[in-house]
Amino acid sequence: MSGADPSMAGGELPVWRLLELGIAEPARAQTFVEALAEAVGRGLAPNTLIIVRPSAPYVSLGFHQSFREEIDPGFLERRRLPVLRRVEGGGTTYLDRDQLFYQLVYRDDGGGPGGPGDLAHYLAAPVRAARQLGLPASLRPPSDIVVGDRKVSGNAGGDWEGAHILVGGFLLRTDHRAMADLYRLPDPALRPLLRREVERAVSSWEAEAGTVPRAEELTTQLVTAFEAEGLFRVRPGAPTTAEEARFRSETLVRHGDPSWRELPPSSSSTPGLVRRIRIAGPRGLLVFSAPGADRYLAAVVAGPELIEAYSVTPGHPSALESLPPGAPERPELERLVASAPRFD
Amino acid sequence: MSPSAASALPPGKACAVGPDLWYRREADGSYLLGLTDGAERRAGRVARYRGPEPGRYYRAREPAMSIESDKWVGHLALPVDGTVLDTNSALESDPSLLHRDPLGAAWLCRWKPKDPEALERLGTPVGSEGTG
Numbered sequence: 001m002s003g004a005d006p007s008m009a010g011g012e013l014p015v016w017r018l019l020e021l022g023i024a025e026p027a028r029a030q031t032f033v034e035a036l037a038e039a040v041g042r043g044l045a046p047n048t049l050i051i052v053r054p055s056a057p058y059v060s061l062g063f064h065q066s067f068r069e070e071i072d073p074g075f076l077e078r079r080r081l082p083v084l085r086r087v088e089g090g091g092t093t094y095l096d097r098d099q100l101f102y103q104l105v106y107r108d109d110g111g112g113p114g115g116p117g118d119l120a121h122y123l124a125a126p127v128r129a130a131r132q133l134g135l136p137a138s139l140r141p142p143s144d145i146v147v148g149d150r151k152v153s154g155n156a157g158g159d160w161e162g163a164h165i166l167v168g169g170f171l172l173r174t175d176h177r178a179m180a181d182l183y184r185l186p187d188p189a190l191r192p193l194l195r196r197e198v199e200r201a202v203s204s205w206e207a208e209a210g211t212v213p214r215a216e217e218l219t220t221q222l223v224t225a226f227e228a229e230g231l232f233r234v235r236p237g238a239p240t241t242a243e244e245a246r247f248r249s250e251t252l253v254r255h256g257d258p259s260w261r262e263l264p265p266s267s268s269s270t271p272g273l274v275r276r277i278r279i280a281g282p283r284g285l286l287v288f289s290a291p292g293a294d295r296y297l298a299a300v301v302a303g304p305e306l307i308e309a310y311s312v313t314p315g316h317p318s319a320l321e322s323l324p325p326g327a328p329e330r331p332e333l334e335r336l337v338a339s340a341p342r343f344d
Numbered sequence: 001m002s003p004s005a006a007s008a009l010p011p012g013k014a015c016a017v018g019p020d021l022w023y024r025r026e027a028d029g030s031y032l033l034g035l036t037d038g039a040e041r042r043a044g045r046v047a048r049y050r051g052p053e054p055g056r057y058y059r060a061r062e063p064a065m066s067i068e069s070d071k072w073v074g075h076l077a078l079p080v081d082g083t084v085l086d087t088n089s090a091l092e093s094d095p096s097l098l099h100r101d102p103l104g105a106a107w108l109c110r111w112k113p114k115d116p117e118a119l120e121r122l123g124t125p126v127g128s129e130g131t132g
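Keeping their order, the protein sequence lines are chains A and B. The opening residue of the first sequence carries number 1 in the working numbering; numbering runs sequentially from there. The opening residue of the second sequence carries number 1 in the working numbering; numbering runs sequentially from there.
Incorrect hints may appear among the rest.
What the hints assert, rightly or not - Covered stretches of chain B (in silico footprint by chain A; criterion: 3 or more residues with CB under 8 Å from a CB of chain A, positions within the stretch not fixed):
id, stretch
1, 19-25
2, 99-113
Claimed, not checked - Some residues of chain A that are not near chain B, with every Cβ distance over 12 Å (derived):
id, residue
3, W160
4, H176
5, L323
What the hints assert, rightly or not - The calculated label-pair distances, taken between Cβ atoms and stated as ranges, are:
id, chain 1, residue 1, chain 2, residue 2, range
6, B, H99, A, S289, 42 to 50 Å
7, B, S96, A, R42, 52 to 60 Å
8, B, E117, A, G230, 28 to 36 Å
Because the hints were derived from the structure by calculation, they are not lab data. All of these numbers come straight from a predicted model, not from anything done at the bench. Backbone N, C-alpha and C fix where the C-beta goes; we use that ideal spot for every residue, glycine too.
Assemble the whole structure, with the sequences as input and the hints as a guide.
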């Protein structure tokens, strides 16, 4: 092919395809974007923006996370939720139809810095859309959209089959209990602490604005915002027969394969660390085996800072015991926290 | 594509393949594969590495290895079809090794290409000065 790039219109913004998939079953809502990647990467399909909402609750694992280490089996059994391992990064998330997803799949055409830098590049648009609709949102690097310090949108990305994929979604309403209860914990005494932390760190559109925009209104604002940020404009389209076929014959097959869900963990080894949960942004929960004792030491941290410290004695009636500054176990916990990977 | 001028490569008969990867033929005929230091810098602070499955045959373009930084996962493929012999478990245990020694101890995997000549045709040889 010769001449101008057909995705450009007279030197103006590149034109991307808009796929509005409506309300879709979890596997389609989460993974249809993967089915487009190879064709987009080879230039056989246009860069594409997908808007979709999941029809039912499910759990999404980050690519490098361990199904067995991350998710509470009792929670899954009670709620009978599907678990999907996405190809993008980030942590374990609970998703339901009270979230609206935006997903970008695009070629490495020089538009953004590439890699993790693309998150801030493209997330300027969802931030703008939220603000246009009255939500005082901002980006907390690398990938959270927040109001104040509470998260209203989580995002992640990756390179897959020659294309870049960025996935994210607005939390229109938040089921904090489900978000906290999906995580596996070494002792149930930590559950109330985790619930409190999730409640504190994660918000929703409804909680911040008192109302929730209609999906159509939010979609319009998102599309407008990508254009206003100088990123791209869209032309409505539909999935091709080939894309639908690839989704059924490859993407769904991969996600239905137990070995995909059970991929081994890829975590750095920190002596004594038995659980590490990112709650949001730099805030997280670290649980260690107490050296030489049959109990755990737990820390709520923000980046390198130890915010709260606890001792957990399994089976004890008051299992969770606060460790104020000056408590004898505190220096040991501070040493353990310093040795663990930080949440940045 | 040649590596960027800022990229260096390991000593010995290493070659760049694309902007992100280097390979080097070892004495036993196997090949080490690694990430160029330019790619290492672009990746940001690497928090996770999952290597390929030893003994498995991978096709070129098939995602085989992955690196995560700042919630972004870079999936990497072998440059040509081949069988993975070994993955770098030290890098899986300590992904920060990639920042300390991307051209040495932080190799990604050892593998045997199905067609070594096809690989050599893709590679851009560099001298032991390793300027790329």
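We went through each hint and held it up to the structure:
Counting residues of the stretch 19-25 of chain B whose CB lies closer than 8 Å to any CB of chain A gives 0, so the stated coverage by that chain is violated, three being the minimum. With a threshold of 8 Å between beta carbons, the proposed coverage of the stretch 99-113 of chain B by chain A is violated, since 0 of its residues qualify and at least three are required. The beta carbon of W160/A is not kept farther than 12 Å from every beta carbon of chain B, the shortest such distance being approximately 6 Å. For H176/A, the requirement that its beta carbon stay farther than 12 Å from each beta carbon of chain B is met, with the minimum near 21 Å.
Its beta-carbon lying about 28 Å from the closest one in chain B, L323/A satisfies the requirement of being farther than 12 Å from that chain. With their beta carbons about 29 Å apart, H99/B and S289/A fall outside the hinted range of 42 to 50 Å. Range check, S96/B to R42/A: about 34 Å between beta-carbon atoms, so the 52 to 60 Å window is missed. Separated by about 46 Å at the C-beta atoms, E117/B and G230/A break the suggested range of 28 to 36 Å.
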